[in-house]
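Chains A and B, in that order, are what the protein sequence lines are.
In terms of numbering that gives the first Met the number 0, the first sequence opens at residue 0 and continues consecutively.
In terms of numbering that gives the first Met the number 0, the second sequence opens at residue 0 and continues consecutively.
Since the hints were made in silico from the structure, they are not lab data.
All values derive from a computational prediction rather than experimental measurement.
Glycine included, every Cβ here is placed at the ideal spot set by N, Cα and C.
It cannot be assumed that every hint is accurate.
Calculated cross-link-like contacts (lysine-lysine; reagent style PhoX-like; alpha-carbon spacing at most 20 angstroms) [claimed, not checked]:
| id | chain 1 | residue 1 | chain 2 | residue 2 |
| --- | --- | --- | --- | --- |
| 1 | B | K197 | B | K34 |
| 2 | B | K184 | B | K26 |
| 3 | A | K20 | A | K70 |
| 4 | B | K34 | A | K20 |
| 5 | B | K45 | B | K144 |
| 6 | A | K20 | B | K241 |
Sample of chain B residues lacking proximity to chain A, with all beta carbon distances greater than 10 angstroms (derived) [claimed, not checked]:
| id | residue |
| --- | --- |
| 7 | D16 |
| 8 | E48 |
| 9 | T101 |
| 10 | A127 |
| 11 | M175 |
| 12 | G185 |
| 13 | G202 |
| 14 | R203 |
| 15 | M210 |
| 16 | L221 |
| 17 | V223 |
| 18 | G225 |
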Amino acid sequence: MLSKGEFRAVFEKAMQQVLTKAPQNPIGDSEDFSDYGLDSLDLINILLHLENDLGVQIEEVDLAEVNSLDKLYAYLIEQRQD
Amino acid sequence: MIGIQDIASFVPQSRVDNLARCEQFHKSRDFISQKIGFVFLPRMDKGMETSDMCVRAFEALQQKTGLDPQMVECVIVCTQNPDGFGLPHTASIVHDKLCLPTDTATLDVSLGCSGYIYCLNLLSSFMAGNGMRTGLLFTADPYSKVLDPQDYVTELLFGDAATCTLVSDDPVYSCMRALFATDGKGHRAIRVSPNTRKLSMDGRGVFNFTMRTVPRHILECLKVNGLRIEEVDLFLLHQASKYIIDNLARQLRLPPEKVPFAAAENGNTVSSSIPLMLQSYIEAGPRTILASGFGVGLSWATSIFRRTAQGER
């Protein structure tokens with residue numbers, strides 16, 4: 000099973016590939032993506048990188064609901080269990 | 000040899016200011032200008048029809064070239080928003096409005112963003128196979144007919160425009176081998192709902208499709224034409240959004256100046272987006288241009304245009 004630490008590493012790598020400017024600070028576990036400066040297009044792009052890097056298909060997801068690292072990780076784990 | 004001789008366009012003067020709608024759609028000005036990239040969206044006037052936009056594009060072409068309508072042997076109109084309900088075909092109505100000769104072949108082609116590449120090849124092959132010398136390819140897909148004003152996913156993207164490409168045996172650009180592809184399983188990703196008759200788009204699905212298929216398709220097209228990516232001077236990619244163009248350029252490791260985003264004031268004009276850009280390279284353009292269209296269908300097509308000796312003169 001994918002650990003939270005592994006997920007964070009993959010997520011941060013995806014962010015580096017998506018964002019043109021590298022973020023100053025690491026994103027907090029419960030920090031809202033929009034507060035961190037990620038918009039809906041960035042998130043769609045990050046999800047695509049996550050799918051490629053993790054070899055999973057992330058089903059249709061409401062990005063307004065899954066709006067932090069914690070929530071996205073929980074969503075992926077739940078989806079894998081289903 | 001049949002190819003592109005000239006291109007002209009019609010972009011309606013009426014337009015929507017996207018930045019003035021930031022608050023309505025809960026988007027920042029930066030998101031609209033830097034990510035979506037479309038600041039203004041042209042809208043055809045009320046009472047105007049798809050065929051009228053084609054006529055206006057033809058008039059612009061005539062002004063540039065002095066083309067005699069009596070010389071036109073074949074007309075293709077690429078649209079998925081035809082006059083009325085599509086019966087009769089819009090090309091027939093254009094034929095009437097332009098007073099073209101009776102022995103002119105006319106047909107509509109129902110394709111979206113891949114339409115220009117498809118239709119250019121259809122028209123060139125049709126003309127070559129039947130000994131024709133002069134044909135017209137119109138692109139005109141006024142999405143304003145089917146936009147849902149409340150749906151920011153589509154309402155902030157699409158603009159109305161029409162283009163007219165003169166295809167002849169005296170071309171400035173010839174078409175090298177093109178590649179075509181379809182994923183019918185994705186046909187629901189961009190469609191007009193039969194219930195609402197309004198456009199809907201799965202934004203994430205379309206983004207994923209684009210990023211997964213288009214770079215690979217471009218590389219395949221280069222391979223079948225025996226070209227290296229460095230040998231292409233310009234990449235004219237369907238102007239789906241600035242974000243998509245920027246990301247395709249990054250994925251292909253291309254310098255941004257080789258992959259222009261030129262639709263800030265036009266929006267996503269579907270099959271018109273490639274000829275709208277290409278028209279500015281007719282007078283004096285680079286030797287090798289790659290063009291790729293992708294979207295509705297899901298359908299995608301990539302082709303390479305090579306400047307001819309006539310174009311160099």
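Would you pick out the hints that fail for this structure and give their numbers low to high?
1, 2, 3, 13, 14, 15
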